[in-house]
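Visitor: Anchor point for the sequence shown: position 426 equals 426 in full-length UniProt numbering, and the numbering is continuous, going up by one each time.
Don't take every hint at face value.
Calculated lysine to any residue pairs in the SDA-like style (CA-CA distance at most 25 Å, straight line) [as the list claims (entries may be wrong)]: (1) K266 <-> E240; (2) K361 <-> E185; (3) K406 <-> L566; (4) K570 <-> A614; (5) K544 <-> P204; (6) K315 <-> M239; (7) K361 <-> S486; (8) K315 <-> L340; (9) K266 <-> T249; (10) K365 <-> T377; (11) K391 <-> K570; (12) K266 <-> Q470.
Cβ pair distances, simulated, as ranges [unchecked claim]: (13) W242 <-> P472: 25 to 33 Å; (14) K145 <-> E514: 13 to 21 Å; (15) F217 <-> L250: 35 to 43 Å; (16) D618 <-> T513: 19 to 27 Å; (17) L221 <-> T249: 38 to 46 Å; (18) P472 <-> R338: 48 to 56 Å.
Keep in mind the hints are simulated off the structure, nothing from the lab. Built from N, CA and C at the ideal position, the CB exists for glycine as well.
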Amino acid sequence: MPRVPSHAVAGLLRRCYATPISNATRRSPRLSTPRQCHSRLNPRLSHLRTLHSSRNNHANNPPSRTIGDQIPNDWLPPHDAQYTHEDKYIREVRSYDEETGRYAIIGGGITGLAAAYWITSFRPQAKVTIFEGSERLGGWISSRKVKVDGGEIVFEQGPRTLRGVSTGSGLALADLICALKLGDELRLTSQLSEAAQNRFVYYPDHLVKVPSKDQGFLEILWTIFMEPAFKWLPRSTLMEYWVDPRPATLEDESIASYLERRLGTKDCADNLASGVMHGIYAGDINLLSVKSILPRLWHLEGFAGGIVKGLTALKGRKFAWEHRDGLLDMNILLNADRELLRSITQSSVYSFQNGMETLTKALEKFIRANPNVTIKTGTKVENIKYHEATKKAQVSTRTSPNATFKKAISTISGPSLASIVTSNRPQPLQSLASIHSVTVMVINLYFSNPNLLSVHGFGYLIPQGVPFDQNPEHALGVVFDSDCISGQDTVDGTKLTVMLGGHWWDDFPSYPTESEGLELARSVLKRHLGIEEEPSAVQVGLHKNCIPQYTVGHEERLRQAHFELLEDFKGTLAVAGNSFGGVGVADCVRGTRELFFRSDFTKPEDLTGLSMFAETQDRLYEYPDPKYPFRAGLKL
């Protein structure tokens, strides 16, 4: 392995000691005692770790350079050819030494707040303006405390739990939670809990437990061979190996089509997988893209001709997006509170004492404390265009018609952005305008009886194959909130959430009222769970166009949008949020992080937020990657 060039080390030392703000990191209590680099780590990374640690102290001693700026070019791995189309825009938009400038963030939900956090962390001299059309920040995340007899309970109208994942987006979110010092607020659910091990589907007229590792072999066999929801599994698994690979001309297809083609039956999609898609996307499995939502299944077939063949032939290698996850993990673990990270990522799910809004409120508090950040609620952006004279993004609102920014970051939905963008094209960003979203009604119910449920677990999902007479309300699933997260409520009871609508309501001319929605939810609970008791507290919310649908062709649409943004805005407009790289909270947080610091080190930033879709996703990487042999020594 080549040694670090002496001039690079000298340059870094000179920069640290010559710059007063960077010099402050030497006085940090956390860095008063030098830490030894892991014996298997690349020596280069011992320097990067020290530089990276300054991020955690920036509130008192902001660093003078971004992490990407502090890495000498000759330390970087060779740039892949697919990056070259961005090079000219990077030279035009931002030099490696430039950190100041004005940034506009359109949208103040979790994505917008996370974007502001990363900017102020990695570029503390930058000035940031957040434009939010409503009067509150936080977006779809909404927690409400409700008084009931004997105490208080927490109702969630948006996301209610976060998954404990030890890599990729899940690790990025856990790292943010650690940085915000929310450890004492966490409420973790063990992987050994009933909520973790008992997950159900409703098919065709009763709850069926999804097989899990806590079950015995014979019990799993009984479920597979006796339950209609799983009867397809033995034969289809054996036959999949012999199914011909897809035609070379097929560029994408629906999840239902893929599963039927590979497994030889519709039963998997209709009776099981569609329920999973209801729980995540509230979407129609016959329309959702397998390439975008289940990329590993898609690329395994492309790589080796089938799922089983692909798993056998991979031999530890990783696809491009998995490789990016590994590099992100490496970057986070270089300077992480590993004990807290481990407790978060090894949980089944987690939330916070006062609900999910704890996260957005902590971000808001952090951002408002920064004098370089301006928050404008009740201010809707009416137009965004590229200003040729200044080579900046021009953002117009009703009160500020022609403000220019070094970069604008849109965290609103794809169609909303397309409706306010102006360029030389007659219909700009049509690829984003075509992203459809579904509407979901969420009904929270609290019952004072703590022994109301006959079964306990996370909850259950309702597949599309369930007969109509078993689901005339078009329910998507039911969550057993009181089983999922403990410690939020100050009184015992049973707390449930019923989700209605999604793709089932796509053609509805109008939606149920709150009172009608409550009656529909109670009807579902009566039929499926036998619950007839009157709830002690309820909350009903209709969330219009809340979940984007990654339908067939989604990846190609984002690829087109990437090049259009580069051409029309020269890197001054980027996108992030649940319309693009994932609908989960963790996906949104990770997407904004990589807008300002690419985990692969090949560029200081992602100019559009969609660069990954212009890259080859089926490329395979050895693991550990020879470029990053130190990755093997970074584990939780």
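Visitor: If I claimed the Cβ atoms of W242 and P472 lie 25 to 33 Å apart, would that claim hold in this structure?
Guide: 40 Å, violated
Visitor: For K315 and M239, compute the direct alpha-carbon distance and say whether it is at most 25 Å.
Guide: 22 Å, holds
Visitor: Given the hint that K266 pairs with Q470, does the C-alpha gap stay at or below 25 Å?
Guide: The given pair, whose Cα atoms are some 20 Å apart, holds under the 25 Å limit.
Visitor: Taking 25 Å as the top limit, are the C-alpha atoms of K266 and E240 close enough?
Guide: 14 Å, holds
Visitor: Compare the distance between the alpha carbons of K570 and A614 with 25 Å, and conclude whether the hinted pair is satisfied.
Guide: With Cα atoms ~16 Å apart, K570 and A614 stay inside 25 Å; holds.
Visitor: Hey, K266 versus T249, does the alpha-carbon distance stay inside 25 Å?
Guide: 23 Å, holds
Visitor: Falls inside 48 to 56 Å, the C-beta gap from P472 to R338?
Guide: 50 Å, holds
Visitor: What's the verdict on K544 and P204, does the C-alpha distance respect the 25 Å limit or exceed it?
Guide: Answer violated: K544 to P204 is near 29 Å, above 25 Å.
Visitor: Does the structure keep K361 and E185 at a Cα separation of 25 Å or less?
Guide: 12 Å, holds
Visitor: Sort out whether L566 lies within 25 Å of K406, counting only the CA atoms.
Guide: 14 Å, holds
Visitor: Look at the Cβ atoms of L221 and T249 and judge whether their distance stays inside 38 to 46 Å.
Guide: 40 Å, holds
Visitor: Is K361 close enough to S486, meaning Cα to Cα at most 25 Å?
Guide: Distance of about 21 Å is within 25 Å: holds.
The structure fails to meet hints 5, 8, 13 and 16 from the earlier list, while all remaining hints are met.
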